[in-house]
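Mind assembling these two chains? They're in different frames, but the hints should get you there.
Single-letter residue listing:
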Amino acid sequence: MTLLTVDNLKVTFPTRTGRVEAVRGVSFTLGKERLGIVGESGSGKSQTGRAIMGLTPSQAEITADTLQFSGLDLLKISPRERRTLRGKRVAMILQDPKYSLNPVMTIGRQIVETLKTHEALSMKEARQRALAMLEAVQIRDPERVFDLYPHEVSGGMGQRAMIAMMLVCGPELLIADEPTSALDVTVQLDVLKILDKLVAERGMGLIFISHDLRLVSSFCDRVLVMYAGKVVEELPSADLRNAKHPYTKGLLNCLPTIGSDRHPLPVLERQAEWRL
Amino acid sequence: MSTATPIVKGRHGRSRASRRLWSVLGFLVTVVTTFLGLLAITFFIGRVVPIDPALAIVGDRAPAHVVERVREELGLNLPLWQQFFIYLKQALTGDFGTSVLTTHPVMEDIKRVFPATVELATVGTIIGAMFGVPLGVLAAVKRGSLIDQLVRLIGLIGYSVPIFWLGLLSLVFFYAKLQWVAFPGRIDIVYEYTFTPVTGFFLIDAIMQGEWEIFWDVFRHIILPASLLGYVSLAYISRMTRSFMLNELSQEYVIAARAKGLSEARIIWFHALRNAAVPLITVIALSYASLLEGSVLTETIFSWPGLGLYITNSLQNADMNAVLGGTIIIGAVFIGINVLSDILYRLLDPRTSR
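Protein chains in written order, with UniProt numbering: chain A, 1 to 276; chain B, 1 to 354.
Everything labelled a hint here was simulated from the structure, so no lab data went into it. Only a predicted model underlies this, so the values are computations on that prediction, with no experimental measurement involved. A couple of the hints might just be wrong.
Reference listing, derived: stretches of chain B covered by chain A, where coverage requires no fewer than 3 residues with Cβ under 8 Å from a Cβ of chain A [to be verified]:
no., segment
1, 137 to 147
2, 263 to 274
3, 339 to 352
Sample of chain B residues facing chain A (criterion: CB under 10 Å; computed from the structure) [what the hints assert, rightly or not]:
no., residue
4, 61
5, 277
6, 278
In the EDC-like style, the derived pairs of lysine to aspartate or glutamate whose C-alpha atoms are separated by at most 20 Å in a straight line are [claimed, not checked]:
no., chain 1, residue 1, chain 2, residue 2
7, A, 32, A, 172
8, A, 124, A, 135
9, A, 88, B, 264
10, A, 98, B, 252
11, A, 116, A, 81
12, B, 111, B, 264
13, A, 116, B, 349
14, A, 197, A, 221
15, A, 32, A, 234
16, A, 32, A, 7
17, A, 197, A, 172
18, A, 116, A, 96
19, A, 98, B, 349
20, A, 249, A, 234
21, B, 142, A, 61
Glycine included, each C-beta is placed from N, C-alpha and C at the ideal position.
With the rest of the complex left out, here is chain B (with noise of 0.2 Å):
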């Protein structure tokens, strides 16, 4: 609908647009010190647990020359402020270090098994957000009637049921009992060496390399998974927008729709909701976050070889490095989801765009 107007200048044009580049800068500011700080943090926290990285490695019926002897190649004689400075570089770069347990360096880790996490969280949310917002709207639209009781109590199981228990449970029936859905883990073991990810999103790559089967196979995986993620997000996500959707609703420009003679739909879903989604973004993203930072209770009941898992296992064999890398790793895709639903909350609301 856009046009050739010719927009008038002079009483906005240049403080408006330099006022967008200062909130810009100012944006970028905040999200480097906050990654600086997110580094910061894991370093000390790195230093500070009683966990000796040269014991690590040497174990610990080594003589003591050469514990010492690692102790300096690891950097670790030098004053703290130093090694801060090596670690902040090489983290920069994308060097976590090596992974005591695997052997491989933490960043190749990362990118083996983040894919995972991510693929199971998208998935996840994506089932949270189709089923969570249209059951918030109907419970706001039909306030205090059963359905509305309905959606509450879906909410209310999601939130205090806990996930292992549910995880269990429903692959006694779904697996077990049913056999709808395959056994534990991102893929059949047949396919397992034929399959070359290419991505390492196995639903994207089964369908760019048409591998319907491995695809359906995928499918039958993951989708348990991310049905339970998907449900407690959706517990949260239709709580949120219900409460979003009665505030729009009780709104004057609700009544001047109606006194236009729109239809209870288009009302609803178009303009209440449009006006909903604007904090609503902000919900969605911050739960899909949360499932990125990888669901350790979910990963490990479904074996899903994830970063909640690979974070689990090194956590528990002292793999210092492998545990900050994925720390930091999570943190920086949490502090990435802010800086877009910053940006899409800024295109949905026209209020903070100009």
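Here chain A stands alone, though its shape is the one from the complex (with noise of 0.2 Å):
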């Protein structure tokens, strides 16, 4: 049963000194699985989550031979009709609940917007769906957190105010961009557990995208490992210590672990091969 189908997918920028391939073939399947995509900054990891998000920056230029969510054609599907699809049937947590909340509006009424732009609900009824969906991310006094406005919760809550407003409409595939990037640690967790607690229970599919490998191999089922635009590597969260690509061999490489005594610490050299 497959979700989503990206087949060579490229996304290109034209820039002031030629264009400027920031994904440059990137393919993989989905099912209502969690993929984990791993990369360093300007690896492409999030512009293909944009992509498939249809929010790549108008100037871009996207092709893909495939890229198909749930029997649809995305790139052949008017803008409208990809825009009933976001929020309703594919949603995007991003990174800081800081500048990805509205800041003059209150956390509830930005949860009702998205309900009201999708669904054909009272006033009442959608308050009372966003509520349970406050809930549901387990915001103890939904109530009093609906009223609020986003500079008056922690990062922690607002970053739950963010998923409950992506996943109110009950999306298939969530996208999920360092969603845990900007908080602190012993946050991190908390909020970890409730999107993987509702992805579970909601049978979504997740793209999980990130830079902490142990994170993502940790969370999700198949990690790609993304570098310089591609998709070098590919591989189930359990077989990590068998990665054969020796940029993903460097990263894991890094790692310090606690108790042993390795210093000095092995630092990635890039190999300009990799880029090819």
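Here is the structure:
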């Protein structure tokens, strides 16, 4: 049962100095599973997510042999159809709730807005659904948080509100773009647990984008390792130690382990041929 | 959407209330200090300029003892600080002395001319904001396009071409050639004696009295000078709107709004503009305040009996009471508008109000 098929996806940006290929032929398929995409900044992992969402900046050029979401050809359907998918059937969580929530709207209104965009609901019903969603992301006092502004809640709470806002319509595919990178380490785990639970309960497909290889491998079923706009390795999470590509090996090598005495830690030495 | 949610007290409750009180108090102190500073500066300017108020009253051919007596009557023989306190007391009760030129109390004159300026400035600002904001938004959304360039050009002309030139040219064109608008002035001479203004804002007065013919006439008088002032503030407002909007459109919450599936129109006009409105309020308020100062050139060209014209006339006749009174009113209005924009700012941005 395939939810998403991506075949030879390319995203190109025209710049003053020529064309920059941010994504250079990425292919993968996704069912109702958790796929992790790891890579360093500039590796094209975020642009891959944005291209699937249809949020690539307008000056960029997207090509793909296939870009299909549950039978729909995403590159062929109209922008309007694409828009009705967003928030309803595919959703995205961004990195930092401090910036990704509208500062002048209450959290409740922002969640209700997602609902009212996609479903014909009365204000009262929408409010009930939003409150239930806030409860689902384990906010203890949803009635109060509903009327708070984003700056009045903590980062962890803000990210839960963000998750609530994006999942309230029950999407089938969720793209989480570094959803915990801006949070404190202790809060990261809470948010991940909530995300984990919701993904499992609701049977969503998840693309988890991160630069943290360890985090991704413990959270996802499968991991794509990206480098310079390409997928250099695809592995089941459990097989991480059997990584073949020197980049993945290098990344794993850099990790310190508690108790062992490795000085100095090896440094990642990028090779020019990885870019090819 | 407000509901009776039990607000958790204790963590914020009291400290929030007292913080609020302090901020209001601090705010008031600032306003009062500014106003006193304004009074002091206008007073000393009035004493420093080489115009002898006594001479202005009795004329330069009066005998010395007459001049001396008038000086005493005016309190000009007292020490400067005493004069200042007398002045302060009078100014605070709204007494700015008598205008030599009109022989009325200055306050009475101002009450008569100021509504004319307010009406002109208000209509001008409404025109400026009504067109300036959408144009700025459009320029930001279509950044680098032909529309953007066009808005830039409109703006450039607006604040680089002198207003008196535009004013004269528009009179030639819209009044003399096309005859779309009325002759300079506020109201046609036919109505001048049958129309009794109540508020001093002729448009409102005409509506209140149901005089549609007069309303139309007043409208035909005000539209050209107001459009001109509106154009100048449009130039400024559209540029500022554009830059505020560009800033907002590059924010993450705009991407989040797109990810929610909102329409571009809603993202631009609701999410981004609502955020851009916060700094924009200050810009519009300041441009309104600058129009309220009495646009001397515009009022002169269009024979608009407003504050700008009044102060100019007084200045040319060395009528210091009128000039100082007018200056203080302008300053007070400026302070008032700033206070208002501060309050609006707090209302629009939840981050500052709580």
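Check the hint pairing residue 124 of chain A with residue 135 of chain A against an upper bound of 20 Å on the C-alpha distance.
holds, 17 Å
Taking a Cβ-Cβ distance under 8 Å as contact, does the segment 263 to 274 of chain B have three or more residues in contact with chain A? holds (count 3)
Q) Can we keep the residue 277 of chain B interface hint, with Cβ of chain A closer than 10 Å? A) For residue 277 of chain B, the interface hint holds, since the closest Cβ of chain A sits about 8 Å away, which is under 10 Å.
Residue 111 of chain B paired with residue 264 of chain B [C-alpha distance capped at 20 Å]: Given pair residue 111 of chain B, residue 264 of chain B is violated - Cα atoms ~48 Å apart, limit 20 Å.
Tell me if the straight-line CA distance from residue 32 of chain A to residue 172 of chain A falls inside 20 Å.
Holds, because 8 Å separates the two Cα atoms, which is no more than 20 Å.
> Are there at least three residues in the segment 339 to 352 of chain B whose beta carbon sits under 8 Å from a beta carbon of chain A?
Replying inline: holds (count 4)
- Item | Given hint residue 234 of chain A paired with residue 249 of chain A - CA-CA distance at most 20 Å | holds, 13 Å
query = Regarding the hint that residue 278 of chain B lies at the interface with chain A, is the smallest CB-CB distance below 10 Å?
reply = Given a least distance of 7 Å, the restraint on residue 278 of chain B holds.
Review point. Taking a Cβ-Cβ distance under 8 Å as contact, does the segment 137 to 147 of chain B have three or more residues in contact with chain A?
Key: violated (count 0)
Q. Under the criterion that the straight-line Cα-Cα distance not exceed 20 Å, is the pair residue 116 of chain A, residue 349 of chain B satisfied?
A. violated, 24 Å
Hey, residue 98 of chain A versus residue 252 of chain B, does the alpha-carbon distance stay inside 20 Å?
-> holds, 9 Å
Within 20 Å, alpha carbon to alpha carbon, are residue 32 of chain A and residue 7 of chain A? holds, 18 Å
The structure fails to meet hints 1, 4, 12, 13, 18 from the earlier list, while all remaining hints are met.
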